[in-house]
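A.B. asks: The primary structure of each chain is shown beneath.
2 protein chains.
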Amino acid sequence: MSLTNASPSEAAMAARSASHVLATLPASARNDALTAMHAGLVAARDDILAANARDLELARAAAADGRLSQSLVSRLDLGKKGKWDEMLRGILDVRGLDDPVGRVTLRTRLDDGLNLERVTCPIGVLLIIFEARPEVIANIAALAVKSGNAAILKGGKESTESFVAISRAISAALERTRVPNAAIQLVTTRDAIPQLLAQERHIDLVIPRGSNELVRYIKGNTRIPVLGHADGLCSIYLDETADPEKAADVVVDAKTSYPAACNSLETLLVQESALSTVFPRLAAALASKGVELRCDAKSKAAALSAVGDVAGAKVVDAAEADYDTEFLALVLAVKTVADADEAVAHINEHGSHHTDAILTESSELAERFMSAVDSSGVYWNASTRFADGMRYGFGTEVGISTNKIHSRGPVGLEGLMIYKYKLRGAGHVTAVYGEGEGQRRFKHESLPLEQ
Amino acid sequence: MSLTNASPSEAAMAARSASHVLATLPASARNDALTAMHAGLVAARDDILAANARDLELARAAAADGRLSQSLVSRLDLGKKGKWDEMLRGILDVRGLDDPVGRVTLRTRLDDGLNLERVTCPIGVLLIIFEARPEVIANIAALAVKSGNAAILKGGKESTESFVAISRAISAALERTRVPNAAIQLVTTRDAIPQLLAQERHIDLVIPRGSNELVRYIKGNTRIPVLGHADGLCSIYLDETADPEKAADVVVDAKTSYPAACNSLETLLVQESALSTVFPRLAAALASKGVELRCDAKSKAAALSAVGDVAGAKVVDAAEADYDTEFLALVLAVKTVADADEAVAHINEHGSHHTDAILTESSELAERFMSAVDSSGVYWNASTRFADGMRYGFGTEVGISTNKIHSRGPVGLEGLMIYKYKLRGAGHVTAVYGEGEGQRRFKHESLPLEQ
Chain A
5 MSLTNASPSE
15 AAMAARSASH
25 VLATLPASAR
35 NDALTAMHAG
45 LVAARDDILA
55 ANARDLELAR
65 AAAADGRLSQ
75 SLVSRLDLGK
85 KGKWDEMLRG
95 ILDVRGLDDP
105 VGRVTLRTRL
115 DDGLNLERVT
125 CPIGVLLIIF
135 EARPEVIANI
145 AALAVKSGNA
155 AILKGGKEST
165 ESFVAISRAI
175 SAALERTRVP
185 NAAIQLVTTR
195 DAIPQLLAQE
205 RHIDLVIPRG
215 SNELVRYIKG
225 NTRIPVLGHA
235 DGLCSIYLDE
245 TADPEKAADV
255 VVDAKTSYPA
265 ACNSLETLLV
275 QESALSTVFP
285 RLAAALASKG
295 VELRCDAKSK
305 AAALSAVGDV
315 AGAKVVDAAE
325 ADYDTEFLAL
335 VLAVKTVADA
345 DEAVAHINEH
355 GSHHTDAILT
365 ESSELAERFM
375 SAVDSSGVYW
385 NASTRFADGM
395 RYGFGTEVGI
405 STNKIHSRGP
415 VGLEGLMIYK
425 YKLRGAGHVT
435 AVYGEGEGQR
445 RFKHESLPLE
455 Q
Chain B
5 MSLTNASPSE
15 AAMAARSASH
25 VLATLPASAR
35 NDALTAMHAG
45 LVAARDDILA
55 ANARDLELAR
65 AAAADGRLSQ
75 SLVSRLDLGK
85 KGKWDEMLRG
95 ILDVRGLDDP
105 VGRVTLRTRL
115 DDGLNLERVT
125 CPIGVLLIIF
135 EARPEVIANI
145 AALAVKSGNA
155 AILKGGKEST
165 ESFVAISRAI
175 SAALERTRVP
185 NAAIQLVTTR
195 DAIPQLLAQE
205 RHIDLVIPRG
215 SNELVRYIKG
225 NTRIPVLGHA
235 DGLCSIYLDE
245 TADPEKAADV
255 VVDAKTSYPA
265 ACNSLETLLV
275 QESALSTVFP
285 RLAAALASKG
295 VELRCDAKSK
305 AAALSAVGDV
315 AGAKVVDAAE
325 ADYDTEFLAL
335 VLAVKTVADA
345 DEAVAHINEH
355 GSHHTDAILT
365 ESSELAERFM
375 SAVDSSGVYW
385 NASTRFADGM
395 RYGFGTEVGI
405 STNKIHSRGP
415 VGLEGLMIYK
425 YKLRGAGHVT
435 AVYGEGEGQR
445 RFKHESLPLE
455 Q
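Those protein sequences? They're chains A and B, same order as listed.
Each step along the first sequence adds one to the number in my numbering, with nothing skipped, and position 109 is 113.
Each step along the second sequence adds one to the number in my numbering, with nothing skipped, and position 384 is 388.
One should not assume that every hint holds.
The list treats identical chains as interchangeable, and a pair is accepted whether it falls inside one copy or across any two copies.
Calculated cross-link-like contacts (lysine to any residue; reagent style SDA-like; alpha-carbon spacing at most 25 Å) [what the hints assert, rightly or not]:
hint, residue 1, residue 2
1, K250, E439
2, K87, R58
3, K87, L72
4, K87, M394
5, K85, S215
6, K447, T400
7, K293, G442
8, K250, A430
9, K84, E441
10, K447, E371
Rather than coming from a laboratory, the hints here were simulated on the basis of the structure.
Just chain A, same shape as in the assembly (with noise of 0.2 Å):
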């Protein structure tokens, strides 16, 4: 990794150069610079972790002020339980994951002695542009050489001590292996963003982490793909055949167990035939978890009547903003739905093509359900909490995307690959082929994807 104090566009050609190397090494040479990685953070832990203090100092100073949130301090915080030695191991995870490089998809032979194949290779340059969480660097810097690409990472300005200490270890670890220095790079200089945003010719992705605003920033402002999402607008469709043991768990936990998380719960559609028979058990459990209720009027009748014991209840009229709203607190939006048809257009129409359920006994409905809801996920009698990399069994993730082309949904190191096609011959030409009589025909037989 380089500390770089060179322009936007320097750092991007160098990338560029960098990453034709990164991808032709062999995937032991990556992973040699994962442990060379690790060694280094390792060694460094008391000199980063005082950058950290630095950066921990002014921000507290800055939040007593209210010029920073509590939640950006604590994102920042590296000394926190846990949080130095889940950085360490996500390094020696991500090395042991599969090589996602060179594997073939496709192989066909064209011809005697003319043989195609489609191979996974790197996509190439990455930007990473993320805020105030200085481990997700080393995470970051670590997918990149496992999928073999190279990256600019960006970081906010809060954090800015501790990623500079954790650059300079790891760029120090990296001397010493086959990566080549510019693949990994850490733009330190002041408004860089909208000078990289503008390196389409270098720069074939860019992945934000970090607040809504920053993606729809980052979206609104360049040409190169952007892999995430900007909302999470997540709806649960509640059918008259829901269990109400069931469908309470799964709401309760969709919008309660973490509802700053973008695959929480934002609004309840619920079928009429269902307001007075299901409905209520699940109003009653949202409303003694402190959940705001915001629905329109006939929800609102039902609601009532169901959450009479419940001390403090909250249940208000909605406004029609409220169903295009991603929360993100103890607020959920409720409207009554005549049955799944009008639920799937409903959230087609307002909802953001992340995470969608339905709640119902009947598989056929559920499977209709989810061939017609447009989202990344769409899930039956399950919390949309589930959309997660790990939950998914990814091993690790760089984000949630809500892209309808490319990767969708949590997206692991695959997201990172694209591929080529290798074609071997023996001085084949393309003329000699065709329907007319004396010429060739194409052979187009699939071979093992195995050898």
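For this one, chain A is given, so just place chain B on it according to the hints.
C.D. replies: Here is chain B on its own, set in the frame of chain A:
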């Protein structure tokens, strides 16, 4: 298909709604629609060819005045030998392809009764912008229906009458199928392109089919992802160990079999030590096919002494710009390099990441070249002109992509697909999982894809 005078934003919204219906249709309903389209076009043959004749008449007049190129007139002609039958056969070919929708590509048991599936699904709404060739409309409509994507089609004004006649026939045919009318829309509004390119909320992917200028304009004027390529600057590196006969065959095919194609050769990089051994045979073969060689000083000397016997041979000095030029004509830039490393660096810097080849008898060097060159196609001893969906055995092609994400190289039906994650539970919640005592662990058992 509907022939729409709706505004571009209305057309896009209608396509989005139709896409949600189309995505849930079974393969049989989509294939039935293709059968109906085929029959409808067969029945409307005379009307369509009459409309095409009117387009042709105007185009010929414009060509006579020099307002239109002769090659465009030729591309316009649906009556040309074999073209009509090929268009119709294309629809049945697409119908015969395996269903790309609903393939399970990952299946994991997260826990007892909690199963995750990754299932292929359509991207959503495609915008296809194309120039003169009227048969593209039938081809693209067939691909869209097969892949479950809605499509908005916008054609060049020279073929308006043909497009309208084809649309009418397809539209009438689709009326009797389960494919919604707005799933395939032909927009005939004048100057609709800029407005369509602004519909990023409702359009997921733009596919331009036409000149480099069209593609470049589109890439520069939308935030919607664009699948395609503006440039096709393909190179071949001639190594000193190359077999002279094979090498000459390959470069002649790559340069002369269809010079206007994007996969044709534009730059030949010659190892210095091959200038007096292998290169002379290539230079003579190219010159005798009428290819003008634009050379640096060293290769010029070698070429001049090689083409002495070729009447009218053209060997001239190259300008720097020639190494960045897609000639699309019988012109070839030739440059001397020290070795494969210099060739790779030149290709990665000056090429368009489309298709590049090495001519060598060393398999070790070939593998190194194919790993290091950052292009969608990397070939060993084969002509760059093999870069084509039909030749790769994909059955059909929507274009060749030089993008670094989603789809790269020749793109078939697979490139029109994305996936969604389906999670089926029994009231599962996330809060009970964790590393602590008494918490549940995920199983993450990989299950067979076929069930």
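A.B. asks: Determine for every hint whether it applies to the structure shown.
C.D. replies: Hints, one by one, checked against the model:
1. Proximity of K250 to E439 under the C-alpha cut-off of 25 Å is restricted to the inter-copy arrangement: shortest distance 24 Å between copies versus 62 Å within a copy.
2. Taking the shortest Cα distances, K87 and R58 sit within 25 Å of each other inside one copy (17 Å), while across copies they are farther apart (73 Å).
3. For the homomeric pair K87 and L72, the shortest alpha-carbon distance inside one copy (21 Å) is at most 25 Å, but the shortest distance between copies (67 Å) is not.
4. In the homo-oligomer, the alpha carbons of K87 and M394 lie at most 25 Å apart inside one protomer (16 Å), although the nearest pairing across protomers, at 53 Å, exceeds that limit.
5. Within a single copy, K85 and S215 get their C-alpha atoms as close as 24 Å, which meets the 25 Å cut-off; across copies the closest is 59 Å, which misses it.
6. Taking CA atoms no more than 25 Å apart as the test, K447 paired with T400 passes between copies only; the shortest distance there is 16 Å, against 41 Å inside one copy.
7. Only between protomers do K293 and G442 lie at most 25 Å apart by alpha-carbon distance; the minimum there is 22 Å, versus 78 Å within a single protomer.
8. In the homo-oligomer, the alpha carbons of K250 and A430 lie at most 25 Å apart only across protomers (7 Å), although the nearest pairing inside one protomer, at 63 Å, exceeds that limit.
9. With identical chains, the CA atoms of K84 and E441 are at most 25 Å apart between copies only, with a shortest distance of 20 Å across copies and 76 Å within one.
10. Taking the shortest Cα distances, K447 and E371 sit within 25 Å of each other only across copies (24 Å), while inside one copy they are farther apart (40 Å).
Violation of the numbered hints given earlier is absent; every hint is satisfied by the structure.
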